[in-house]
Amino acid sequence: MKKSYKISPFIQAIIVALMVFGYGCSDDFFNDKAGDRITPDQHYKTLIDAGVSLQGVIIPLQDFMPNLIMMDGLLSDMMDVTANANANLININNHEIAPGNPYVNPASLYQVILNANEVLANIDKIAANDRNFDAVLLKAYKGALVGMRSWTYLTLIRLYGKAAYMEDNLTSLPANLSQKMLSRETMLDTLINQMIPHIHDPGTGTQMQEVRLKYCVNNKALLGELYLEKNDYANAATYLKLACESYLNQSAILKVDKTYRDAGWSNIFLNSEGDDVENISVIPYSTENKQDNVLAYWIGRNYLYMVKPTALLVDSFRTQIPAAGNPGDLWRGQGITIKTDTLMQVNDSTYLTESYITKYEIDDQDPLSSDIILSRAADVHLLLAEALNRMGDETSQKYALMLLNDGVNAVNPKPAPYSRWSANLGIRGRVYLKAWELSEGLLRNPEARMLYIEDLIMAERALELAFEGKRWFDLMRVARRRNPEYLADKVAAKFATDPEVYNKIHVKLRDPNNWILTY
Amino acid sequence: MTKRYYYLTCLSFMFLGLTFAVQPLPAQAPGKIVSGMVTESGTGLPLQQVFISVSTTGASTTTDEKGEFSISVPDLHSELIFDLPGYVKRNIFLRNREFISLSMVPIIYKSLDDSYNSPLGVRTLKDAVFPVTGLTVNDLKHTRASSFDQAFQGKVPGLSVTEQSGMPGQRTYMNIRGISSIYAASEPLLFIDGMIYDYSYATKSLMEGFALNPLDVVDIDDISDVTFLKDGLSFLGAAGSNGVIDVNTEQESEASTVIKLSAYGGISLSPERQDLLDATQFKGYFKDILSSQGYNPGQINTMYPWLDGNQSADEFYRYNNNTDWQEEIYKPSTLYKAHFFIKGGDDIATYNISTGYLSHEGIYDKSGYTRFNLRINGKINITDRFSITPNAKLSLADSKLANHGPMERKNPILASLMKSPLMTSYTKDELTGADLAYLDDVGAFNISNPTVIVQNAQGSNRNYHFLSSITAKYRINSNFNVSTLVGINFNNARENIFLPDIGIVQIDSAFNSPGDFVNEFRSMQNHTQLNYTNKTASGHSFILNGGFRYMKNSYKHNLSLDLNTASDDFKSLGDGSQYNFLRSTTGDNRGLTWISYFGNLNYNFRNKYFLLGNLSYDGNSATNKDNRYNFYPSLGAAWRLSAEGFLNEARWLDDFKLRGSWSVTGNMFSSVYDYSKLYYTTRRMNGTGVLLREIIPNNELELEKKNTINAGIDLSLFKQLFNIHVDYYNSNVNNLVIEQSIPETFGYTEYFDNGGKLQIKGLEVAADARLHFGNFTWLLGGAVNKQATEVKELTFLNPGTKNIVTPVNNAQFVTMAGKPINSYYGYRVEGLISSADAGKYTGPKGVLMQEGDIRFKDVDGNFVIDEKDMEIIGDPNPDLFGSAFTSLSFKNFELSALFNYTMGNDVYNYVRNRTEAMDSYANQSKTVLNRWTPSHKGTSVPRASYGDPAGNAVFSDRWIEDGSYMRLERLTLSYNFPTWQGVHKGMVVYLTATNLLTLTDYSGYDPEYVYVNSPYYMGIDYGKIPHTQSFVMGIKLNL
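Heads up: the sequence lines are chains A and B, in that order.
Heads up, the first sequence is in the working numbering, so the first residue is 328 and it goes up one at a time.
Heads up, the second sequence is in the working numbering, so the first residue is 54 and it goes up one at a time.
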């Protein structure tokens, strides 16, 4: 027998109501995450989130830095193409860049800017959420983000003459894709204004413990570089010097000291991530973690070998005069930055040689894990020397030469502003190269003296910072303050063997408008 | 939020308002007597014992031996119900007739009075307002299909079913009414016993060209009926735009116990061979290609001393054979299946249990598919108002797979076509030339040993599938009932592959590689609905449904690959290299939550005027908050002209109905929508995971919505012996999601938005006829589908962009306004470069073209062949497809045939590209004997040149072929044994031949294939296992 249940109208009403309104579906109900993608709401909660986001800002540079170094080398007088080079590289070398050249694509740089803006817009949430993320850290992170963003903008305007300026966090595309393009000059002022609030200045009363974040640029050094780009030498010198010093006691933190003396110089590149007396900002690579340095692959003799050092650079290393011994830049040149192999003897006096760049295979066991250094102490010291020299007074120029040559260490008594820099060995002193001296004639001619010292600094930068993505910017910076001819001479020298090409390149590069890349 | 409740309130008011507006009218007093006669459709014989009742009064009678009856009705608008076991039940309105002449259709034939199951409930076909097709057991019988979807081929207008390949257990690609999206799913949504099944996840595999079959959870012998709903699916909202296939396994309860046994066995034959170079011809070609590399005969002789038949040369025996590699790998294979079915019970509980085992061997060694199925359905009547229906299905399927992707190093078919006939499977004894016991390595021509791929390369897929639901139904009163279903669907597939070292071409330093893949799908669902039915005495009929559906799906996969194990005997993950960077692990984990509130109104007046409205309001987790909730309406009306007075007397006309409808549906099954809100991804910096943006999110990204207008005619003539259905549809997707490329200054240049407009227009005609001559019954019918997809408009953010070009492996597609979606995009061939033109054109690879190279069409006339010279060179979508069937029965014999065809679809024959490219040491097809040489100029086949510097073999219309075909899909002869009391209640023996004959101009093995279920790979033939010709003999026994 079947039983018969009666269901009250009340229950029936509930069933109907349940049916119609079913689940109370709040928005949480739809919070389905894709495993490999998340929303901003799910992030920005803890100190760890801040860390991974900060590194996320920099990571697109893993893609960009190899391109930058290729562009820098080929546009300037550092690199030449080999027979293996592809058409895009040949075009860069010949300053004939067509739109669509993948090496010139700035997208990765804009990714840094977008991500920096994104984190800046959200980082206060972390401070509100995680007590470990205190005011000091918050300030440090904000500073680091603004610094990385400014570095990126600076790189953009140097390469492309202008940059799309994004004020806020870009959470959606603007109507008609409109963007504000700032010229080099406007952008420099904008960046300086943005940087100043993020400088930990020993002169102000509200000092804070300085937190240096790994992989990020040094804001004072960057501000100094921005001023230098504007030819504001006094400000440049001030901030570049501050960058090297700890705010507390003015002792140097970026030292150019014995840590990387003589044979140790190459350890700068082996120890790039673990160091804090030389390396400021590093883009790491690691084959073990599937992040191959494609640059090492492009240039390596055992890989694609698409570019090689120019004969000029090879010669420059070979002809350096050391403090003692045979000519040659023993600790930076042959076998370290570059290598020249003699392949065969053509006749009694001529040998066929082949040069290649070895700076990114100093660790020959795992060259594809070589890091790319964004900025380091030697760079800042030489920029400081450049600014000091340009200030024009004799004392400053003396300091400039001191930093270039044997450093504060060799000077007694120590000059007052550098009294706590006694560990400094000087750029050349560190690798046992002979100090440059000024002739009597130069001592009497301030203008010629300034140009002479500047030439020395530029030559030194080419050696010390070869293939680190600095040369093209150096040439443009100096040529802007001197004469476009300066850059044209330097770059065209690469083509000296072919007068026709030499002239073509020289004529082209005498016009600063042709320095600007199009993509 | 308020907007949502506004819609909800609307919906509930509509629902409640309609339910209470119509109350049954009191029955009227008896008025008239009507009489009539009932005959059998087809034979015209009178039917006796037909039970006839009046729907309003319940008065009833039966027909006499002449098939005549008379009955008293309240008025001449009453509805009569005719019922006779073995015949399709009919409901007829009198429509002022006092004499009814009626024919009834035996249940084995199709009738317009058939009912169909839809997600909303059971409906009658003849009253359908939206286009619908139903299939029954009869349509799915006597097939060797390993999966039920294969058996749908050619049975349903508007549905195209393409078997992915001839690999046993392989899934199909199904599509109803065209591809309406670039990024979202294009296959119909499946309902299995009331549960929604989004099987679009089943596309990934470690095996190129394979996709696990998500449908093997249901055995074809368990299916009782299938309904195809092609339009009007607004009640499914964002899940409804690709149509619905509603599959029901045997559910009906029967008091007596029924046992059914069925089994078949048979063989598949290996395919017809492609015509390739033999050993002598290959030697000639090989020398030619060597000399194109710059070697002179002397050098060639030094390098390959065995080439000139010098018996004392090293490896003479290894390289002086004449092997037909196709012969080496193919073999005939066996197929068999057994199925057991039992059902029974009483009025408290019924059960319905079946189990089956299927084994299909592949046409080459070590490939095959076996499957075990178990199904348990039941129904428990707790009270006369309350019932519970539990339902469970389980399948375990084991596939042994072969790779059939574009890489000849792994694909045995490509390898067998490209391997030089000079070599053999087994290593030769250097001195005697006898076969040794182990397989030969790659050898001089750098093509894998096909026998190694077939025998030693491992590929297994284990598919575990569990699908279960429980439905509770409560009848509140005679008008209202409520039901709720809770179900889970769990599919876990594991794959293991191993590619050995010996005999397989190496890539870089990787010699062998094991791999492991896990694909997991879970779905949890609840569907609850309230139904209201009412029929008034005056002939108003209402069916109302309202309720909600909730679905939570999770799609997950993990994939690991290892490299370089110690030897080919170590085949597991972890046996590989000690270097981490040689290992890779990837995975994906997505979720989708969907909730939908729906209402449905079905109204008709005396089966003459029909009105159908659907409304749903749903939200899903795919889109972001602002665009999450959407409203999907549809409206349809139908008019039965044959019920109008002016056609009352037309005896030849059984049914004539006009239909018109409009509907809006959405397509939420796409991961692209994630970019409306989810845009953080992870990368690694050293060993740490860091977080950054992946894209600029488009928070305005909307679900694609499809608007469809449908118009149809249903016509049934001569006592339902001749039926025709015509449907015209016009679907528009005005917010098609496309990929935009935006300036570099935004950092991320990829951006998805609703920037496209797409239109699909189509015409479907299906007709069938049944003829009776004495003991002969002849059925014939067919369907024609004409379909055209056009991209109406593409709005690009970047003014420089004109179209979307998508390169896929070795091919290229374009989506261009005014053209079909995903057309082939490449060069056009105009012949060969003559001596006069030599050195004039720069070829696609940047090299000057010489005499004997292909002359590509130089569209811009600048003598440089580059991307500016590319044109649309073909369209993979067919213009026309359809089927034809016929069956002839005589007494207990039946002979039936099914034909399928497609017309106007272009195919990219990649296999021919590889065997006619003449750019390597691979064997080639006989066509290359006609190649250009300085002494043989009047030809259209270009010269042989190693590495193809001129680009003769690049993607061009040289490789595009017409893929039209007509195929005799199935020919069946069956014999129906009469019931033998005490032994069996029915027995059928049948012989089915599958794929007997294919008419096509296509030069490859088989014109029917799909590489993977993506619109981009529809027409590319990478060398898939062709469909086999097979013969099976089967038996079905009812005890």
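What the hints contain is simulated information worked out from the structure, not anything from laboratory work.
Fair warning: there could be bad hints in the mix.
List of simulated lysine to aspartate or glutamate pairs, DMTMM-like, C-alpha gap at most 25 Å [stated by the list, open to error]:
id, chain 1, residue 1, chain 2, residue 2
1, A, K507, B, D628
2, B, K678, A, D451
3, A, K507, B, D959
4, B, K855, B, E904
5, A, K452, B, E747
6, B, K921, A, D603
7, A, K507, B, D180
8, B, K336, B, E380
9, A, K489, A, D516
10, A, K617, B, E325
11, B, K872, B, E747
12, B, K432, B, E803
13, B, K814, B, D622
14, B, K758, B, E797
15, B, K678, A, D516
16, B, K855, B, E803
17, B, K839, B, D569
18, A, K489, B, D932
19, A, K617, B, E747
20, B, K810, B, D569
21, B, K605, A, D603
22, B, K624, A, D495
23, A, K469, A, E615
24, B, K678, A, E615
25, B, K481, B, D622
26, A, K617, B, D932
27, A, K469, B, E747
28, A, K541, B, E947
29, B, K898, B, D341
Below, a sample of chain A positions facing chain B; criterion: calculated Cβ distance under 8 Å [to be verified]:
id, residue
30, R364
31, I365
32, A425
33, G488
34, N496
35, A502
36, Q506
37, S510
38, L597
39, S599
40, G601
Every residue gets a Cβ at the ideal spot worked out from N, C-alpha and C, and that includes glycine.
For each hint, the structure was consulted:
1. A distance of roughly 56 Å separates the Cα atoms of A/K507 and B/D628; the hinted pair therefore is violated under the 25 Å criterion.
2. A distance of roughly 24 Å separates the Cα atoms of B/K678 and A/D451; the hinted pair therefore holds under the 25 Å criterion.
3. Under the criterion of a C-alpha separation no larger than 25 Å, the hint pairing A/K507 with B/D959 is inconsistent with the structure, at around 48 Å.
4. Under the criterion of a C-alpha separation no larger than 25 Å, the hint pairing B/K855 with B/E904 is inconsistent with the structure, at around 35 Å.
5. In summary, the hint linking A/K452 to B/E747 is supported, as the alpha carbons are separated by about 21 Å, within the 25 Å threshold.
6. A distance of roughly 53 Å separates the Cα atoms of B/K921 and A/D603; the hinted pair therefore is violated under the 25 Å criterion.
7. Restraint check for A/K507 and B/D180: not satisfied, since their Cα atoms lie roughly 62 Å apart, outside the 25 Å limit.
8. A threshold of 25 Å between alpha carbons decides the hint, and for B/K336 with B/E380 the separation of about 20 Å falls inside it, so the pair holds.
9. Taken as a hint, the A/K489 and A/D516 pair is honoured in the structure, with Cα atoms around 13 Å apart against an allowance of 25 Å.
10. Taken as a hint, the A/K617 and B/E325 pair is broken in the structure, with Cα atoms around 46 Å apart against an allowance of 25 Å.
11. For the given pair, B/K872 sits about 31 Å from B/E747 by alpha-carbon distance, which is inconsistent with the 25 Å threshold.
12. Taken as a hint, the B/K432 and B/E803 pair is broken in the structure, with Cα atoms around 53 Å apart against an allowance of 25 Å.
13. About 56 Å separates the Cα atoms of B/K814 and B/D622, which puts this hinted pair outside 25 Å; it is violated.
14. The hinted pair formed by B/K758 and B/E797 fails the criterion: a straight-line CA distance of about 31 Å is larger than 25 Å.
15. Between the alpha carbons of B/K678 and A/D516 the distance comes to roughly 40 Å, so the proposed pair goes past 25 Å and is violated.
16. Only pairs whose Cα atoms come within 25 Å are accepted, and B/K855 paired with B/E803 is accepted, the gap being roughly 16 Å.
17. Taken as a hint, the B/K839 and B/D569 pair is broken in the structure, with Cα atoms around 43 Å apart against an allowance of 25 Å.
18. Of the supplied pair hints, the one linking A/K489 and B/D932 is violated, its CA atoms being roughly 52 Å apart against a limit of 25 Å.
19. Using a Cα cut-off of 25 Å, the hinted pair A/K617 and B/E747 holds, with the two alpha carbons roughly 19 Å apart.
20. For the given pair, B/K810 sits about 41 Å from B/D569 by alpha-carbon distance, which is inconsistent with the 25 Å threshold.
21. Proximity of B/K605 to A/D603 is assessed by CA-CA distance (about 51 Å); at most 25 Å being required, the pair is judged violated.
22. Distance restraint check for B/K624 and A/D495: the Cα-Cα separation of roughly 53 Å exceeds the 25 Å cut-off, and the hinted pair is therefore not satisfied.
23. For the hint pairing A/K469 with A/E615, the CA-to-CA distance comes to about 31 Å; that exceeds 25 Å, so the pair is violated.
24. Our distance criterion of 25 Å between C-alpha atoms is broken by B/K678 and A/E615, whose separation comes to about 41 Å.
25. For the proposed pair B/K481 and B/D622, the alpha carbon gap of about 22 Å is at most 25 Å, so the pair holds.
26. Distance hint between A/K617 and B/D932 is unfulfilled; the C-alpha atoms sit about 47 Å from each other, more than 25 Å.
27. Proposed proximity of A/K469 and B/E747 is supported: the alpha carbons are some 22 Å apart, at most 25 Å.
28. Annotation: proposed proximity of A/K541 to B/E947 is violated, straight-line Cα distance about 82 Å (limit 25 Å).
29. Taken as a hint, the B/K898 and B/D341 pair is honoured in the structure, with Cα atoms around 22 Å apart against an allowance of 25 Å.
30. Proximity of A/R364 to chain B holds as hinted, the smallest CB-CB distance being about 4 Å (cut-off 8 Å).
31. Because the smallest distance between the Cβ of A/I365 and any Cβ of chain B comes to about 5 Å, under 8 Å, the interface hint for this residue holds.
32. A distance limit of 8 Å between C-beta atoms decides the matter here; for A/A425 the minimum to chain B is near 13 Å, and the interface restraint is violated.
33. Contact between A/G488 and chain B, as hinted, is not supported at the beta carbon level, the nearest pair being about 13 Å apart and thus beyond 8 Å.
34. Checking A/N496 against chain B by beta carbon gives a least distance of about 10 Å; that is not within 8 Å, so the hint is violated.
35. Interface hint status for A/A502: violated, as the beta-carbon distance to the closest one in chain B is roughly 10 Å, over 8 Å.
36. Hint on A/Q506 holds. Least Cβ distance to chain B is approximately 6 Å, under the 8 Å limit.
37. Because the smallest distance between the Cβ of A/S510 and any Cβ of chain B comes to about 15 Å, over 8 Å, the interface hint for this residue is violated.
38. A hinted interface residue such as A/L597 counts as satisfied when its beta carbon comes closer than 8 Å to some beta carbon of chain B; here the least separation is about 15 Å, so the hint is violated.
39. Using the Cβ-Cβ criterion of 8 Å, the hint placing A/S599 at the interface with chain B is not satisfied: the shortest such distance is roughly 12 Å.
40. Checking A/G601 against chain B by beta carbon gives a least distance of about 12 Å; that is not within 8 Å, so the hint is violated.
Of the numbered hints listed earlier, those contradicted by the structure are 1, 3, 4, 6, 7, 10, 11, 12, 13, 14, 15, 17, 18, 20, 21, 22, 23, 24, 26, 28, 32, 33, 34, 35, 37, 38, 39, 40.
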